[in-house]
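Protein chains: 2
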Amino acid sequence: MPDDRQDSLNAFVRGQRCLVAAIREGALSGLTFAVKDLLDVAGYATGAGNPDWSRTHPVPAQHAPVVSALLEDGASIIGKTMTDEISLGILGENGHFGMPMNPRAPDRVPGGSSSGSASVVAAGLCDFALGTDTGGSVRVPASFCGLYGIRPTHGLIGFEGIVSQAPSYDTVGWFARDARTFSRVGSVLLKELAEQRAPRRLVVAADAFGFAEKGVQDALESAVRTLEHCVGARTDEPIAPAGLNVWQGAQRVLQSSEAYAGLSRWLDTCNPLMSYSVARALLRASQFTDEERGRAALIRQEAMGRMRHLLQPGTIVCLPTTPFAAPLKDQPLSTLGYLRDQISCLTTPAGLSGVPQVNIPWSMPDGTPIGLSIIGPWRSDRMLLTIAEAFEAATSKNGQRK
Amino acid sequence: MPDDRQDSLNAFVRGQRCLVAAIREGALSGLTFAVKDLLDVAGYATGAGNPDWSRTHPVPAQHAPVVSALLEDGASIIGKTMTDEISLGILGENGHFGMPMNPRAPDRVPGGSSSGSASVVAAGLCDFALGTDTGGSVRVPASFCGLYGIRPTHGLIGFEGIVSQAPSYDTVGWFARDARTFSRVGSVLLKELAEQRAPRRLVVAADAFGFAEKGVQDALESAVRTLEHCVGARTDEPIAPAGLNVWQGAQRVLQSSEAYAGLSRWLDTCNPLMSYSVARALLRASQFTDEERGRAALIRQEAMGRMRHLLQPGTIVCLPTTPFAAPLKDQPLSTLGYLRDQISCLTTPAGLSGVPQVNIPWSMPDGTPIGLSIIGPWRSDRMLLTIAEAFEAATSKNGQRK
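As you go down the protein sequences, you meet chains A and B in turn. Note that my numbering has the first sequence beginning at 1, numbered continuously upward. Note that my numbering has the second sequence beginning at 1001, numbered continuously upward.
Hints may be right or wrong, so weigh each one.
Which residues of chain B face chain A? A few of them, derived with a C-beta cut under 7 Å, are [claimed, not checked]:
no., residue
1, L1267
2, D1268
3, T1269
4, P1272
5, L1273
6, Y1276
7, A1279
8, R1280
9, S1334
10, G1337
Here are some chain B residues the structure puts well away from chain A; computed CB gaps all over 10 Å [what the hints assert, rightly or not]:
no., residue
11, L1019
12, F1209
13, G1367
In short, the hints are calculated from the structure, not lab data. Even glycine gets a Cβ: it sits at the ideal position worked out from N, Cα and C.
When you get a sec, could you build the whole thing from the sequences and use the hints?
Right, dumping it as structure tokens:
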């Protein structure tokens, strides 16, 4: 087992740079991957980023099925990776264990909660890594660390053997540095999806682009043009006529209420040590009323209808994954809270409606990573992976910045 | 320096079984004491029960004046003692460092937040110990561990060099096993108080006794009769006609709002690791409205008037210090929260109005400690210490249980 002290990224869980060899040859033979510490790897404590969690839960005897599927198709594990505490974070901070490094921007946060998985892939320590995405936890670190990252269609990949945050929104996704590897993982985990036809129409999310920082809008312009060439007819329209902030508010009520409901017994009996910010988020979650949850559910229902209407077969939507590049480290909570809410405004449309979203890495003129996202109809995940490959091929040919 | 591993009570702060010798001979020569980890002892980090507190504050260069006063009058320090995190607790729990043992009832909590100070005195490791009492943090552990303990008149002993919780309620007090030592410490720390006349009238707080568990009421009956002999004419009447719970509610709003105001900048910039329960209390504190604080201030003003009317010169009030003996350890937060509120109903009358209160140790038939409290008028602290001595003498003569 490699020495933990060699983890200069602070991205692996201490004592869990475990090597678990592939079970047999397969589509992923030769590839190595890392596993976010919310997913069970047999024989290793699942820590969920909080020391009291591993202390109060048994060491798993079995791999999570999604982990087994990868091992059975030829890939090997090189370690378990850090997560924001109980996955309740989007920036990659962890008060117990510190913050994994963002290899592409060391003075900035890596994004979370799948922070360690993004960090080790960005640093080239393995070929791909598993993360989870409930409210943005794959998409955001993918954007901040310059990686391909997918939030699959909700419910498509089983969530057994994984620490749940909010079942109505939990998904398991992955990161990779290149579109081909990214797509190969999909060929294993999304086997059940039929061959999908190519997209014909690109909707540029006018509201989401308007919400992003001007520098991000400008930098993504050429990426959108390339995407247009890959996809077809372009229209510009808002995706959330009611307001991205209204959808985000509903998502916050629903997602955090589910998270609190799932954790409340553990909190009551174990009184865990947590970062103040995490405890505060949980207590706020506990205070939403039935009335607020009811209103949020109505908003969700309308949002799902809107997305279904927008995402006719053959349509994809593009938007900035995050409204800005990764924030600088070590800012006060009062600043970070507002940044977090802004980020969630762009991750909510797919999260609230359950459709798949893929981050395509791009960068600012100074090289800092940002991301262009594509969202497709329910179960169009493999189409999104194919578009990512086509996009990468087009930009490589043109020598474009990515 | 004694070996920390010998701290079988888990009552000393790790690495702080410091020995600080008396500066000169004096009234306390030959006595040793311990210091709660909210008070500065020069050269030792003040930890306030939270690792992130000591990490983010400089090591004090000077003793707190109350510590200096004791060293200058002949007493020597044997160590710094555990506190509930940031003094925000009444039971003696600390998620970072564990719970000091209650030497008189090892299966029960020691009480807090001056938990370590009560523990080491009860175990006989030193003659007395300093604690702080904002909402009951000396009185409650004194009751639970079977010690004399005082919350002095608010403002009488300076609070410089001590981590403040809520300035309008913060006091520094002390514990001792016997009334004579208890009083000797007062002769140093309460020097400025003039000689005080003896009490003439005892008010038995009918509401507070009614609020206590029946077993506590019964056990305290003989103690009250002894006190009556020491003091004089007895009347039984409620001290809080509006309701002990109403006063307690007001105290909670006012005290915790001050605590949050004092800590909010630290929370925002340091995002400390805390027990979930402590973070929850702080967030709740942050949510009180100006309207709620205004209403609570009106209740406080009436309570102060009521106490002033009740505590005519020469009058003392007696009541159970806590409504029950120390709770068993390891109960869920939902249970502990209600116990905490019940305890606060009895500590609030003196805390809200600023008058002094002394716990006189007593016990249940099975030997479990409980406490009888005496409350006197503003600045009657030395009278209360004298009554405690007279009470102890009377019970020793009669061979009564204490």
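Verification of the supplied hints:
1. The closest approach between the C-beta of B/L1267 and any C-beta of chain A is roughly 5 Å, which is under the 7 Å cut-off, so the hint is satisfied.
2. Against a cut-off of 7 Å between C-beta atoms, the interface hint on B/D1268 holds, since the closest Cβ of chain A lies about 5 Å away.
3. Proximity of B/T1269 to chain A holds as hinted, the smallest CB-CB distance being about 5 Å (cut-off 7 Å).
4. The interface hint given for B/P1272 is met, as the beta carbon of that residue sits about 6 Å from the closest beta carbon of chain A, less than 7 Å.
5. Taking 7 Å as the C-beta contact cut-off toward chain A, the hint placing B/L1273 at the interface holds, the least distance being around 5 Å.
6. Residue-level restraint check for B/Y1276 holds (minimum Cβ-Cβ distance to chain A is 5 Å; threshold 7 Å).
7. The beta carbon of B/A1279 is positioned within 7 Å of a beta carbon in chain A (closest approach about 3 Å), and the interface hint is therefore held.
8. A least Cβ separation of about 5 Å between B/R1280 and chain A falls short of the 7 Å threshold, and the interface hint therefore holds.
9. Taken as an interface hint, B/S1334 checks out: its beta carbon lies about 5 Å from the nearest beta carbon of chain A, inside 7 Å.
10. At about 9 Å, the closest approach between the beta carbon of B/G1337 and any beta carbon in chain A exceeds 7 Å, and the interface hint on this residue is violated.
11. Once the 10 Å rule is applied to beta carbons, B/L1019 is consistent with being away from chain A; the minimum gap is 31 Å.
12. For B/F1209, the shortest C-beta to C-beta distance to chain A comes to about 32 Å, beyond the 10 Å cut-off, and the non-interface label holds.
13. Residue placement check: B/G1367 keeps its beta carbon more than 10 Å from all beta carbons of chain A (closest about 29 Å).
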